[in-house]
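Asks: Residue-level listing of the chains:
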Amino acid sequence: MATLHLLSHSPFSDSRLSSCLRLLGPEDGLLLTGDAVYALQPGTAQLQALQLMPAGIALYALDEDLQARALHAPARAQAIDYPAFVELCGRYAKVNSWL
Amino acid sequence: MKFAIALFAPSHAPSSRRALRFAQAALDGGHQIARLFFYQDGVHSASGNIASPQDELDLSGEWRTFVQQHKLDAVVCIAAALRRGVLNAEEAQRYNKPAANLEAPWELSGLGQLHEAAQMADRLVCFGGH
Amino acid sequence: MSKSMLIISRQAPWAGPSAREALDIALAGGAFDLPLGLLFLDDGVFQLAAGQQPGALQQKDLSANLQALPLFGVEELFVSSRSLAERGLDEAALALPAERLDDTALTLLLDRFDLVVTI
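Protein chains in written order, with the working numbering: chain A, 1 to 99; chain B, 1 to 130; chain C, 1 to 119.
It is possible that part of the hints are untrue.
[To be verified] Simulated coverage check for chain B against chain C, where a stretch passes if three residues somewhere in it have a Cβ under 8 Å from a Cβ of chain C: (1) 78-87; (2) 95-103; (3) 107-115.
[To be verified] Stretches of chain A that chain B covers, calculated by requiring three or more beta carbons in the stretch to come under 8 Å of a beta carbon on chain B: (4) 23-37; (5) 52-61.
[Unchecked claim] Partial list, computed: chain C residues near chain B (C-beta under 10 Å): (6) 5; (7) 21; (8) 27; (9) 32; (10) 69; (11) 71; (12) 117.
No wet-lab data here; the hints were simulated from the structure. Virtual Cβ for every residue (Gly too), placed ideally from N, Cα, C.
Assemble the whole structure, with the sequences as input and the hints as a guide.
Replies: Below is the structure:
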């Protein structure tokens with residue numbers, strides 16, 4: 001039962017991303033929203049960690065948050081809008097938000 | 001698909017706006033919202049007393065309009081609300097507080113409503129933190 | 001058949017209401033006989049440290065709520081062994097009997113619940 005994990009905190013000031021990465025199942029998805037998109041900042045250990053995730057783990061980022069921060073989704077990640085966010089929730093068995 | 005949407009953050013938090021945009025997209029996409037449940041600091045997102053500057057987003061106003069427009073089941077957790085000073089007229093009177101800041105379409109109820117919504121929906125999606 | 005819910009509590013006990021409000025969700029679910037699990041992760045493991053004195057902060061004792069969990073049918077209690085070790089608690093006696101799980105076991109744990117809420 002694959003889980004979509006939802007993150008919204010900056011990975012530089014917070015341990016949610018690293019804790020989440022340790023718990024990810026091989027078919028899970030990771031959606032970065034809010035300040036969590038800073039994990040896609042080039043030249044960072046955080047981006048490297050995301051790039052190193054097994055290929056079976058899908059990585060998504062909310063496009064409005066990327067845009068606001070002048071960030072771009074690398075090839076490894078897919079930028080999505082709200083309609084796609086809604087559909088994504090249906091594709092995974094459950095959604096786990098790291099509040 | 002039926003969604004239960006829980007909000008744990010106040011209206012100035014980006015996650016509150018994200019929750020609303022998500023909820024709007026869910027309905028626009030032909031899905032249903034079984035219930036909105038506001039818990040922890042999310043109770044502030046239901047406050048009727050927020051006076052946003054004219055040039056800023058009035059998110060609590062947008063939430064209210066959204067709930068009313070779509071006649072959604074919108075519940076605020078009573079225990080979380082009371083300890084954060086979000087009261088309807090009945091509770092303000094009960095606790096002898098000077099003002100009520102919660103009114104329709106919001107209903108005060110218990111955590112059981114969150115569980116019920118999670119059980120009857122196809123997906124529970126929580127928003128909160130930042 | 002009811003959907004099972006895993007509640008992941010990752011806040012320290014006196015960092016605000018999150019620790020207690022996560023427990024409240026567990027107790028409310030237990031009161032409705034829902035199949036629930038509670039996992040203490042990251043700073044949440046500090047909730048299980050023995051000998052705490054919340055009265056010093058004029059706070060309610062969380063341990064009463066923790067002890068009440070089995071009474072409400074919430075018997076599946078878990079704690080991250082990594083989080084304990086990081087915080088110097090791996091040799092400590094915990095205030096509650098919780099099953100210590102490593103990261104691999106935690107991944108499997110999340111997988112077997114229908115719902116997960118991380119507070």
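Asks: Are there hints from earlier that the structure breaks, and if so, what are their numbers?
Replies: Numbers 2, 5, 10 and 11, in rising order.
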